[in-house]
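> Residue numbers (our numbering), protein chains in the order written: chain A, 17 to 269; chain B, 17 to 269; chain C, 17 to 269.
None of these hints come from the bench; they were simulated from the model. Any given hint could turn out to be false.
Below, a list of computed lysine-lysine pairs in the BS3-like style, where the Cα atoms sit at most 27 Å apart [what the hints assert, rightly or not]: (1) B:LYS240 / C:LYS253; (2) C:LYS114 / B:LYS253; (3) B:LYS24 / A:LYS24; (4) A:LYS213 / C:LYS73; (5) C:LYS83 / C:LYS27; (6) B:LYS213 / A:LYS244; (7) A:LYS114 / C:LYS253; (8) C:LYS83 / C:LYS152; (9) A:LYS240 / B:LYS27; (10) C:LYS73 / C:LYS114; (11) B:LYS264 / B:LYS227.
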Amino acid sequence: MKFNNDYKIGKNVTLGKNVRIGDGTVIYDNVEISDNVIITNNCIIGEPLNDYYTNSKYTNPKTSIGKNSLIRSHSIIYAGSTFGPYFSTGHRVTIREKTRMGEHCRVGTLCDLQGDSVFGDYCSLHSNVHIGQKSKIGNYVFIFPYVVFTNDPTPPSEICIGPSIGDYSLIATGSLLMPGVKIGDQCLIGAGAVVTKDVDDYSLMLGTPAKRICDVREIDSREKRGNKHYPWMYNFKRGMPWEKVGYKRWLTR
Amino acid sequence: MKFNNDYKIGKNVTLGKNVRIGDGTVIYDNVEISDNVIITNNCIIGEPLNDYYTNSKYTNPKTSIGKNSLIRSHSIIYAGSTFGPYFSTGHRVTIREKTRMGEHCRVGTLCDLQGDSVFGDYCSLHSNVHIGQKSKIGNYVFIFPYVVFTNDPTPPSEICIGPSIGDYSLIATGSLLMPGVKIGDQCLIGAGAVVTKDVDDYSLMLGTPAKRICDVREIDSREKRGNKHYPWMYNFKRGMPWEKVGYKRWLTR
Amino acid sequence: MKFNNDYKIGKNVTLGKNVRIGDGTVIYDNVEISDNVIITNNCIIGEPLNDYYTNSKYTNPKTSIGKNSLIRSHSIIYAGSTFGPYFSTGHRVTIREKTRMGEHCRVGTLCDLQGDSVFGDYCSLHSNVHIGQKSKIGNYVFIFPYVVFTNDPTPPSEICIGPSIGDYSLIATGSLLMPGVKIGDQCLIGAGAVVTKDVDDYSLMLGTPAKRICDVREIDSREKRGNKHYPWMYNFKRGMPWEKVGYKRWLTR
């Protein structure tokens with residue numbers, strides 16, 4: 017019932033095979049949608065930039081959605097971004113221009129991505145994450161609800177330096193990352209932490225301001241008694257590229 | 017002007033007497049809407065689960081909205097949930113499948129309920145509350161803006177244990193509840209607290225991590241000099257079942 | 017492509033010259049829209065108050081949008097508010113009744129303003145700010161993402177006393193303001209702070225509960241070595257009334 021061909025489509029829009037577009041969705045000019053993509057109802061894809069309202073010669077920058085992506089209802093994706101294959105979103109996502117995402121990235125309900133940021137592959141943003149401009153996120157990074165990436169060290173100013181996050185790191189619920197902090201690989205930033213300084217690989221950080229508590233590899237598993245939980249890739253595989261063979265074998269593929 | 021019969025309705029939808037449905041709203045299959053319910057504009061009721069997009073034999077689970085409910089605009093309620101009478105929502109609410117709510121529950125603007133959770137009667141969620149799966153909330157519970165209920169103790173993992181909250185407890189603005197914490201009856205979790213351990217009945221908890229400050233019954237009233245504010249039921253009645261007779265007489269009804 | 021005259025408009029709506037209204041937008045009764053205003057798609061302007069659903073004699077209070085304003089998609093503005101010239105919003109903003117804003121105010125994506133509040137001129141609310149009722153905000157105030165203004169000191173109660181903020185103050189990301197706190201002029205409330213007491217002019221406040229760290233005029237500039245950053249008006253001008261002449265000369269205009 018979602019797909020009654022009751023949508024609007026701009027100029028120079030490319031639709032791959034087997035694309036489905038929901039009712040009430042609008043796709044603006046110069047959007048490229050690959051095979052098997054589902055865009056559900058009431059979305060805006062290729063939302064024009066601010067210039068659109070005032071410049072009669074405005075041209076929409078190119079937007080690209082990779083194959084097998086699923087974009088849920090009421091999401092707004094500005095023109096000028098690129099998403100790899102198997103991209104998916106929750107509802108009411110807002111993604112501004114110059115966002116670049118690798119493959120298999122997920123962006124949860126109500127996330128607000130301010131654009132001009134780069135994400136690797138298999139990044140998972142849970143609900144209501146706010147990513148300021150000029151952020152850099154590695155591969156296999158999980159970001160949990162109400163996390164905010166900030167970028168202005170002395171507000172208001174013209175400085176804009178976003179945080180950067182290494183591969184396999186986890187940013188837990190409600191934590192705040194201060195402008196320009198560099199978080200290493202395989203870190204766990206605990207819930208509600210305020211990260212004010214750079215963080216070494218494998219660090220568990222807690223508190224306000226966040227302090228290093230231990231190496232994440234010391235944290236016990238709650239699932240398998242006597243085992244350690246981190247590196248988590250040996251203990252979690254759902255939706256990961258090593259889902260079928262396990263992380264160990266996948267590494268040597 | 018909201019109700020021009022410009023909505024869509026699926027199969028096997030039951031509408032009670034005097035139901036009003038706003039323009040642009042879509043009601044999917046197998047939704048039961050009781051008497052005097054108002055669903056305003058641009059809502060989605062009975063949103064199909066993920067399987068809908070891939071399974072040609074998909075059947076929508078049953079959704080039930082109790083009598084005298086009011087659902088405000090742009091709200092999305094997934095199929096497979098049950099709401100008691102006098103349910104109400106703000107705008108842009110998202111409620112996932114397997115949510116069960118008692119009567120007179122209120123869910124504020126932008127709330128994001130991940131589903132598979134149980135709420136008692138007279139629960140009041142203010143704006144922008146996030147409830148992770150497997151949460152249990154008692155009766156007469158108030159949850160204030162930007163509170164998050166988490167459920168994975170060692171992210172990412174396959175463990176999912178939500179918090180539980182006893183009757184008459186209050187969870188103030190911006191507090192985070194860690195996975196599986198059990199909060200007793202009549203507690204007050206202060207603004208910005210991070211609750212990492214179980215909490216006894218009548219506790220005031222503050223800080224990161226939250227510590228017990230005192231018994232809530234020691235807190236002075238700001239309205240009536242020389243009185244105590246808690247148990248709050250003796251001092252607050254708006255919208256409560258004891259609104260007309262007072263809590264004391266209501267208890268002995 | 018946004019403006020195909022596919023909108024709905026109520027009674028006694030005044031449209032100035034050169035007003036553009038996007039598809040899917042609804043404007044209810046008694047709304048006054050000044051010259052050169054752009055309201056993009058799927059907005060609701062003059063959303064009726066609760067009484068609308070039950071009172072057959074309901075009359076919508078007056079709503080006024082100043083000239084040269086830009087309201088982005090999916091925003092909901094309740095009836096009974098006034099916005100000065102050059103007002104702008106992000107997407108999915110919710111603004112309740114009895115909100116009064118001066119000129120050049122900006123309200124970011126997902127902001128939730130509960131109404132009955134007063135804002136001066138040139139206030140800038142970034143994404144996802146929550147302003148409880150009875151708040152007072154001065155002029156040239158910046159409020160960053162996920163800030164919450166609370167108003168009930170002993171929840172739940174019938175007391176409603178919002179925070180007040182002096183001119184030129186900055187409320188950084190994720191900070192919480194407790195009910196009724198008075199923040200002076202030129203303050204900087206740091207990210208994640210929980211402000212529980214009144215704050216003197218020029219204070220930098222950090223932590224939970226927030227403590228005074230220093231005078232903001234002691235904070236070094238990150239842009240100009242050897243200089244101080246605050247008062248910020250000497251170092252930041254984008255979008256400000258002193259943009260062309262500088263703050264010093266503007267003061268003596």
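> So, for every hint listed, does it hold in this structure?
Structure-based check of all given hints:
1. Taking the CA atoms of B:LYS240 and C:LYS253, the gap is near 48 Å; set against the 27 Å cutoff, the hint is violated.
2. Proximity of C:LYS114 to B:LYS253 is assessed by CA-CA distance (about 25 Å); at most 27 Å being required, the pair is judged to hold.
3. The straight-line distance between the Cα atoms of B:LYS24 and A:LYS24 is roughly 19 Å, inside the 27 Å bound, and the hint therefore holds.
4. Between A:LYS213 and C:LYS73, the direct Cα distance comes to roughly 60 Å. Violation of the 27 Å bound is thereby established for this hinted pair.
5. At most 27 Å may separate the alpha-carbon atoms for a hinted pair to count; C:LYS83 and C:LYS27 meet this at roughly 20 Å.
6. With a C-alpha separation of about 22 Å, the suggested pair B:LYS213 and A:LYS244 falls inside the 27 Å cut-off, and the hint holds.
7. Of the pairs offered as hints, the one joining A:LYS114 and C:LYS253 holds, with about 25 Å between alpha carbons and a cut-off of 27 Å not exceeded.
8. Under the criterion of a C-alpha separation no larger than 27 Å, the hint pairing C:LYS83 with C:LYS152 is consistent with the structure, at around 23 Å.
9. For the hint pairing A:LYS240 with B:LYS27, the CA-to-CA distance comes to about 46 Å; that exceeds 27 Å, so the pair is violated.
10. In summary, the hint linking C:LYS73 to C:LYS114 is supported, as the alpha carbons are separated by about 20 Å, within the 27 Å threshold.
11. For the hint linking B:LYS264 to B:LYS227, the alpha-carbon distance of about 31 Å lies beyond 27 Å, and the restraint is violated.
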